[in-house]
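Trainee: If you're matching them up, the sequences are chains W and L in order. Counted from 1, the first sequence has number 127 at position 105 by the working numbering; the numbering is strictly sequential. Counted from 1, the second sequence has number 143 at position 9 by the working numbering; the numbering is strictly sequential.
Hint data in this document are derived by calculation from the structure and do not stem from the laboratory. Be aware that a few hints might be false.
[As the list claims (entries may be wrong)] Simulated restraints on C-beta separations:
1. 226/W / 135/L: 28 to 38 Å
2. 267/L / 69/W: 41 to 51 Å
3. 116/W / 442/L: 35 to 45 Å
Values in this document were obtained by computation on a predicted structure and should not be read as measured data. Note that beta-carbon positions come from the ideal geometry of N, C-alpha and C, so glycine has one too.
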Amino acid sequence: MAGTVVLRQPIATDRRLAATTEPWLLRWLLTGVAMAFLALFLAVPLIAVFVQAFERGVTAYFAAFAEADALAAIRLTLLAAAIAVPCNLVFGLCAAWAIAKFDFIGKNVLITLIDLPFAVSPVISGVVYVLLFGLQGWFGPWLIAHNIQIIFAVPGIVLATMFVTFPFVARELIPLMQAQGSEEEEAALLLGAGGLRMFWHVTLPNVKWGLLYGVILCNARAMGEFGAVSVVSGHIRGKTNTLPLHVEILYNEYNFAAAFAVASLLAMLALLTLCLKTLVEWRSHRAMHEARLLKAPREAES
Amino acid sequence: MSIEVGHITKTFGTFRALDDVSLTVPTGQLVALLGPSGSGKTTLLRVIAGLEQADAGSGSIHFHDEDMATRPVRHRHVGFVFQHYALFRHMSVFDNVAFGLRVRPRRTRPSRQVISEKVHQLLRLVQLDGLADRYPSQLSGGQRQRVALARALAVEPKVLLLDEPFGALDAKVRKELRTWLRRLHDELHVTSVFVTHDQDEALEVADQVVVMSEGRIEQVGTPDEVFHHPQTEFVMKFLGDVNAFHCRVDSGTVQFGSLELPFPEQRQQIDGDARVFIRPYDVTIDTKTNGLPAVTAEILRVHSAGPVVRVELRTANGQSLIAELSQERFGTMDLQVGKSVFVRPRHIRVFTSS
Chain W
23 MAGTVVLRQP IATDRRLAAT TEPWLLRWLL TGVAMAFLAL FLAVPLIAVF VQAFERGVTA
83 YFAAFAEADA LAAIRLTLLA AAIAVPCNLV FGLCAAWAIA KFDFIGKNVL ITLIDLPFAV
143 SPVISGVVYV LLFGLQGWFG PWLIAHNIQI IFAVPGIVLA TMFVTFPFVA RELIPLMQAQ
203 GSEEEEAALL LGAGGLRMFW HVTLPNVKWG LLYGVILCNA RAMGEFGAVS VVSGHIRGKT
263 NTLPLHVEIL YNEYNFAAAF AVASLLAMLA LLTLCLKTLV EWRSHRAMHE ARLLKAPREA
323 ES
Chain L
135 MSIEVGHITK TFGTFRALDD VSLTVPTGQL VALLGPSGSG KTTLLRVIAG LEQADAGSGS
195 IHFHDEDMAT RPVRHRHVGF VFQHYALFRH MSVFDNVAFG LRVRPRRTRP SRQVISEKVH
255 QLLRLVQLDG LADRYPSQLS GGQRQRVALA RALAVEPKVL LLDEPFGALD AKVRKELRTW
315 LRRLHDELHV TSVFVTHDQD EALEVADQVV VMSEGRIEQV GTPDEVFHHP QTEFVMKFLG
375 DVNAFHCRVD SGTVQFGSLE LPFPEQRQQI DGDARVFIRP YDVTIDTKTN GLPAVTAEIL
435 RVHSAGPVVR VELRTANGQS LIAELSQERF GTMDLQVGKS VFVRPRHIRV FTSS
């Protein structure tokens, strides 16, 4: 009996394959079109950035970073990310925790609000900040009276970056925390753990890969954001210029080699982000998978 | 350590999960909360543990005269076992079991050495000593649940609460684990309450069975009491198969077809509409009349694959009836579909609609 089953198996799979897949010519054609599209729109531009950057040679390439304005832009970009990312990490964790583990009035409103920065154009979020904190803005007179400058200064850039990168961490954590449920936390409390200990020993380790994934995406966006920052920055060289804005200025001055050199820095950041993302994605998907397995072990084992 | 729960009400929105429930669990007993889903049994367990708060102003919870109602979860010292184990997924089996000891405040925390000894002793108790370094995802369902039990016992709980502990396991493992749980309880004698919807599990394992329905306790008693002397229709129907009929009660007898059946052990005998319940194994089938009063019935189906033979019948007045008889007795009779037989209920229970 077992013998016949084994013998029949390959025939059955062949038949199934023949019935559900396309002829090889069509398969190759579709794959080829997709690959060509990727090459044309993603790979070629990426290579072009580096080719252009090194057009005037290696010394010119590094000279572009040695310039004071470029260094200032790098510093400002790092500063904005260094403030925005931790803030959004804490906020994202709190929001995801509240949404995944509790039921409260206004929960759906909160979920929708978290997505707001994804829904509106970044330029609009920049304009909103100008409207609020600018000279003619709602809080403008008060800010001037107290000698606080937000728009066309570093605080504005940080605020705009925070707004735009707001959803990444929360969006990543909510589904993961919902899948994991709160039974492990309950178990920790029942075993005598306090709230803080429960958070450090149970909640945080359970979501660490999802959290890291959200932080990586959040950081990439924080460093690469153009639209919102452009509106609030004022483009003061050496003072309120971030890396993406610096690229634009250099480009508009026909200083292509320097523009692409700085751009290559952002491109490398993107490549690094992709590598980390892939690595962490693999781990965080495993965490999600495990959450389902532990919930329903019987289906998983069979 | 006894558990006393008094007048607990719990509502979720408009749904009343517990309706004025009072219960006493004597020291050292193993008690089953038995009921269908939505009967409030898990809610009651979670209220005892402190994972749910009873409605404001309702009820009291005492562990041996100690008021627990206002005490936070972490200070109640209950061992709790979840249906889906709730093991800490990123900790090894050892760390899971040790967790409750390690989170103690420094002055009551045992030394590393003592913790290690205690954990290994518990793992031996649940027969998992070789698996201390494994992670939950590397264990089978039955193993996970035993780790969860060891973890709950590590803190030397005053009471042990188990929420459908074997509900997620397959039938064979479930049976093994429940006999094992009973033996373990006989060794440890910690006051335990477990929730189940499986009547066999409750009747086999528990000292006392608490049958629940729609947020209320229907009956509390030993497995024998609830099974043989059900006090409500619900208990009668929930614990095993029954044949149910509408009938009329007239001066202490019920009319069943052409039979008049007396029901001596009934508490109140009110004439009027009533319902009769007959367990399938309380129905006798005879192929020929033997002088005893009986009704005639036709055989519709015979299921003979199993430890007992189930026979589906239709009585002369059109009521369907299921009877169970032993394979041995079945062998002595020639029961075939379509054949006419004599049917006699040996024991009935009557519940009047009051």
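Trainee: Hints first: check each against the structure and report whether it holds.
Mentor: Comparing the hints with the structure gives:
{"no.": "1", "hint": "226/W / 135/L: 28 to 38 Å", "verdict": "holds (34 Å)"}
{"no.": "2", "hint": "267/L / 69/W: 41 to 51 Å", "verdict": "holds (49 Å)"}
{"no.": "3", "hint": "116/W / 442/L: 35 to 45 Å", "verdict": "violated (60 Å)"}
Hint 3 alone, counting from the list given before, is not met by this structure.
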